[in-house]
Amino acid sequence: MKKTINILVALVIVAGLFSCNNSESTSNNQGALSSSAAEKVYVAPGELDEYYAFISGGFSGQLAVYGLPSGRLFKVIPVFSQDAEKAWGYNEETKPMLNTSHGFIPWDDSHHPDISQTNGELDGRWIFINGNNTPRIAKIDLTTFETTEIIEVPNSAGNHSSSFVTENTEYVVAGTRFSIPIPQRDMPINEYKGNFKGALTFISVDPEEGHMDIKFQIIMPGFNYDLSHPGRGKSHGWFFFTTYNTEEAHTLMEVNSSQNDKDFIAAINWKKIEEYVNNGGGTKMPANYAHNVYDESTHTATSTMKKEVLVVNPSEVPGAVYLLPTPKSPHGCDVDPSGEYIVGNGKLSANLTIHSFTKMLDAIENEKFAGDAYGIPILNFEDVLAGVVEQPGLGPLHTEFDGKGNAYTTFFISSEVVKWKLGTWEVIDRKPTYYSVGHLMIPGGNSRKPFGKYVVAMNKITKDRYLPTGPEVTQSAQLYDITGEKMELLLDFPTIGEPHYAAGIPADIVAKNSKKLYKLEENMHPYAAKNDDETRVERNGKEVHIYMTMIRSHFSPDNIEGVKVGDKVYFHVTNLEQDYDVPHGVSMIGANTSELLIMPGQTETFVWEPKQVGVWPFYCTDFCSALHQEMQGYVRVSPASSNIELKWSLGED
Amino acid sequence: MKTILKVWTLLLISSFVLISCGENDKKKEPEKIKIKTHKKVESKKIDKKNKIIVDLNNKGIGPVTSITFEPTINTSLAAKGEKLYKVKCSACHKPTKKFIGPAPTGVLKRRSPEWVMNMILNPEEMIIKDPIAKQLLIDYNGSPMENQNLTEQEARSILEYFRTLK
Numbered sequence: 051m052k053k054t055i056n057i058l059v060a061l062v063i064v065a066g067l068f069s070c071n072n073s074e075s076t077s078n079n080q081g082a083l084s085s086s087a088a089e090k091v092y093v094a095p096g097e098l099d100e101y102y103a104f105i106s107g108g109f110s111g112q113l114a115v116y117g118l119p120s121g122r123l124f125k126v127i128p129v130f131s132q133d134a135e136k137a138w139g140y141n142e143e144t145k146p147m148l149n150t151s152h153g154f155i156p157w158d159d160s161h162h163p164d165i166s167q168t169n170g171e172l173d174g175r176w177i178f179i180n181g182n183n184t185p186r187i188a189k190i191d192l193t194t195f196e197t198t199e200i201i202e203v204p205n206s207a208g209n210h211s212s213s214f215v216t217e218n219t220e221y222v223v224a225g226t227r228f229s230i231p232i233p234q235r236d237m238p239i240n241e242y243k244g245n246f247k248g249a250l251t252f253i254s255v256d257p258e259e260g261h262m263d264i265k266f267q268i269i270m271p272g273f274n275y276d277l278s279h280p281g282r283g284k285s286h287g288w289f290f291f292t293t294y295n296t297e298e299a300h301t302l303m304e305v306n307s308s309q310n311d312k313d314f315i316a317a318i319n320w321k322k323i324e325e326y327v328n329n330g331g332g333t334k335m336p337a338n339y340a341h342n343v344y345d346e347s348t349h350t351a352t353s354t355m356k357k358e359v360l361v362v363n364p365s366e367v368p369g370a371v372y373l374l375p376t377p378k379s380p381h382g383c384d385v386d387p388s389g390e391y392i393v394g395n396g397k398l399s400a401n402l403t404i405h406s407f408t409k410m411l412d413a414i415e416n417e418k419f420a421g422d423a424y425g426i427p428i429l430n431f432e433d434v435l436a437g438v439v440e441q442p443g444l445g446p447l448h449t450e451f452d453g454k455g456n457a458y459t460t461f462f463i464s465s466e467v468v469k470w471k472l473g474t475w476e477v478i479d480r481k482p483t484y485y486s487v488g489h490l491m492i493p494g495g496n497s498r499k500p501f502g503k504y505v506v507a508m509n510k511i512t513k514d515r516y517l518p519t520g521p522e523v524t525q526s527a528q529l530y531d532i533t534g535e536k537m538e539l540l541l542d543f544p545t546i547g548e549p550h551y552a553a554g555i556p557a558d559i560v561a562k563n564s565k566k567l568y569k570l571e572e573n574m575h576p577y578a579a580k581n582d583d584e585t586r587v588e589r590n591g592k593e594v595h596i597y598m599t600m601i602r603s604h605f606s607p608d609n610i611e612g613v614k615v616g617d618k619v620y621f622h623v624t625n626l627e628q629d630y631d632v633p634h635g636v637s638m639i640g641a642n643t644s645e646l647l648i649m650p651g652q653t654e655t656f657v658w659e660p661k662q663v664g665v666w667p668f669y670c671t672d673f674c675s676a677l678h679q680e681m682q683g684y685v686r687v688s689p690a691s692s693n694i695e696l697k698w699s700l701g702e703d
Numbered sequence: 062m063k064t065i066l067k068v069w070t071l072l073l074i075s076s077f078v079l080i081s082c083g084e085n086d087k088k089k090e091p092e093k094i095k096i097k098t099h100k101k102v103e104s105k106k107i108d109k110k111n112k113i114i115v116d117l118n119n120k121g122i123g124p125v126t127s128i129t130f131e132p133t134i135n136t137s138l139a140a141k142g143e144k145l146y147k148v149k150c151s152a153c154h155k156p157t158k159k160f161i162g163p164a165p166t167g168v169l170k171r172r173s174p175e176w177v178m179n180m181i182l183n184p185e186e187m188i189i190k191d192p193i194a195k196q197l198l199i200d201y202n203g204s205p206m207e208n209q210n211l212t213e214q215e216a217r218s219i220l221e222y223f224r225t226l227k
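Heads up: the protein sequence lines correspond to chains A and B, in order.
Position in the first sequence (from 1) plus 50 gives the number in the working numbering.
Position in the second sequence (from 1) plus 61 gives the number in the working numbering.
Same shape as in the complex, but just chain B:
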């Protein structure tokens, strides 16, 4: 019970911090109200903590609505993505093992490519509204996914790199 409370406190604090730091000024007020409703909905999901969520239909929330992969991996794009990943992501994500955040190996078996893109490009909104992202925030000690301000093309190259991690 104690740990649940702790997790909740963290979640609440981090959501507030995120909201107050975010640039999405106009949406501030309604979002604050929504947090309270989320809180109630979420409380049922906590015991799922150790389950691996698989949902290939959820496209997440953000600028990316549709991704179509070429049948073969674009290796030069993937190489570009790997380079970027090292600079912008590797402080928290090790390719093959859980670190501050989850490992990206096999992520495309668990998530839709659109979800991955939106999580990279729009993490502030995702961790507040998207059910999977919200659960991950809890599973990863309240460490929120950060916005590293990548362009859509940059995120796409990282996605291509993720295709190589099986």
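With the rest of the complex left out, here is chain A:
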């Protein structure tokens, strides 16, 4: 019945479109086709989407949440970049989240989100994402859709082959793109070869709380480590990383790192290395990296500097690391749902290369080595090769799987998605993208159980696909239906930042756990005022702390006197509402920071340093109620020398 209504609504809309646009050109359109595409992406007002898509913002540093199939944007989760709208990195509570060994860093480049798994299937508890530039891994809690932990990765640079999780979220893995001196030191750049190293970092994830901790780093040869994926099923316990620049060049890279006919996929038996370090293996080396944790009960983050990291030299753990020759500067490193096939997307290669996990184990067992690199055995290309997809397109980047025996690969140069069959390696279909597609995403496409209904292609160039907005045009993703033999382009939708990569999950796994508010009785913020009796203003030297509450439609207190020029005034504001979707905001004239946007039951703090004598207003910034415009207050600021006592009130008493 519901479906019929949907269809009817869709038809009405389509009819509306036609009647509004009765020119001759539209009558030539493929009416039947486009109407079915419209119907497939149309989510009627009040209806909900079927999937969440978490699409990274690339250079925006954030992670955006969209619905599929509609492509509607729900939320931009601030992760690595300050966000004035939500006070992320502006309020006192979240500033520590952006702390690093280089100090406070207000931005990063967010790339590869990955959702936590249990038994190789998406469990929807957390989503992890990497910051490329100042290497970090963030964890977002999918009950609150807030970033709750960020760990810096030492000995890493251009944290790109990250942040992918193992089958039971034992580890989230962060591989370096750039090799660097480890430890960092002052040395000539042209002595790169043999001296620079690449660190692959295994960060353990606490199964209950999700807390992250660097378990070990494998110090690999000085290649570039581009992307990675875990083994699954039969290959669980292994991790695969693509490499390029096996030439170990350090300049004019587009030429010098593209010389070798084959680079490598590094196969890491992490279970073996885990066992090695659990038995006391590895070396503790001095390091300096930040571990930032947001506590949901105090609504406050703390940043701790860690001083040591455990490193492992792979040549000292026999049988743990092997190199699989793979043509030619491979980008994506993708493992099929069975765990048997490892796809190397050689971006300068004419063909797609697929390795066999079984054949790899066989070659290892029979010790069929072609040589070694810095003590790491290299296997023979032919011994591990499962098959080749012959000339499917130009510039293969990344492959995901539909769980029905098919793989989908993006081709950057020829701007297309190509569907091919695992095992027979035959191309089944190809569809253009608009334009220059990078990654693609099938919900669960990196797990044992993909949900093979849609693929989202994330493009690097949109040019003429949208109304122009000056030289900088929108970024964009495209949605394809992959339920049939042939793919069908359904929808273009704009995205924030560069839609670099994404993770998708059926909405019913996540939505039921989504928190509606923070319970006041669980609020352990040290500066919370949890009822009217606790509101007050305290002076401690030049520091003034205002314990303020907000509820529709007033602040308490709303009149404050006794503040002086030169004071540092902390507004600790608690939202006393206990109803869903009643946030309040607050901002103070002349405060050198953002507003606060405070959810029901939450406490946040901003700092105001008044510079001028006068009576200065503050007000609620989120339209909260019919009396929103009345939600305001005043602070009287007296000269530094004045003797006016602190005084605060609400109403006339």
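Since the hints were derived computationally from the structure, they do not count as laboratory data.
None of the values given here were measured: they were computed from a predicted structure.
From the three backbone atoms N, C-alpha and C, an ideal C-beta is built for every residue, glycine too.
Treat each hint with caution, since some may be false.
[Said to hold, decoys possible] In silico DSS-like pairs for lysine-lysine, Cα to Cα no more than 27 Å straight-line: (1) A:Lys-566 - B:Lys-144; (2) A:Lys-536 - A:Lys-481; (3) B:Lys-159 - A:Lys-697; (4) B:Lys-158 - A:Lys-697; (5) A:Lys-697 - B:Lys-155; (6) A:Lys-481 - A:Lys-378; (7) A:Lys-312 - A:Lys-409; (8) A:Lys-569 - B:Lys-147; (9) A:Lys-454 - A:Lys-312; (10) A:Lys-471 - A:Lys-284; (11) B:Lys-147 - A:Lys-697.
[To be verified] Some chain A residues well away from chain B (every beta-carbon gap over 12 Å; in silico): (12) Thr-348; (13) Gly-425; (14) Gly-445.
We have chain A; now place chain B onto it with these hints.
Just chain B now, kept in the frame of chain A:
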């Protein structure tokens, strides 16, 4: 006349805001239509503004249909209610004097216990449909009673606390 208009605008705006924010999705459409009829009915009541409404028979609209008090006040329950009242209600209700909302002292001489419970537990519907709640919204400057998501037991403890406020 001007103030009446203002009150109406507020009432209308707040009703719409309430409806659009409410969780009661399925009922949205019919309620919107009802607002218009309410508007007409209500217009006669505005001049009652300063009267104190007493109605012990109206049980309100919501989950609570019947409350029987023990003859003596359950003091431990009332103490629990007082504590909760402080956290969840006191931002708008002072025990003995009019503030953002009315004072609860003596409320059980004006309202049935069921009405009080339903006003706490189901304010969104009450201020749209219940004649007393609608009048109170006007009397209190269009500040609607808010839903603090208390459980029925929690609301009951607050009701017991109200029994002590005479």
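Tested hints:
{"no.": "1", "hint": "A:Lys-566 - B:Lys-144", "verdict": "holds, 24 Å"}
{"no.": "2", "hint": "A:Lys-536 - A:Lys-481", "verdict": "holds, 9 Å"}
{"no.": "3", "hint": "B:Lys-159 - A:Lys-697", "verdict": "holds, 23 Å"}
{"no.": "4", "hint": "B:Lys-158 - A:Lys-697", "verdict": "holds, 22 Å"}
{"no.": "5", "hint": "A:Lys-697 - B:Lys-155", "verdict": "holds, 21 Å"}
{"no.": "6", "hint": "A:Lys-481 - A:Lys-378", "verdict": "holds, 24 Å"}
{"no.": "7", "hint": "A:Lys-312 - A:Lys-409", "verdict": "holds, 19 Å"}
{"no.": "8", "hint": "A:Lys-569 - B:Lys-147", "verdict": "holds, 15 Å"}
{"no.": "9", "hint": "A:Lys-454 - A:Lys-312", "verdict": "violated, 30 Å"}
{"no.": "10", "hint": "A:Lys-471 - A:Lys-284", "verdict": "holds, 20 Å"}
{"no.": "11", "hint": "B:Lys-147 - A:Lys-697", "verdict": "holds, 22 Å"}
{"no.": "12", "hint": "Thr-348", "verdict": "holds, 18 Å"}
{"no.": "13", "hint": "Gly-425", "verdict": "holds, 63 Å"}
{"no.": "14", "hint": "Gly-445", "verdict": "holds, 47 Å"}
When the structure is compared with the earlier hints, a violation turns up for hint 9 alone.
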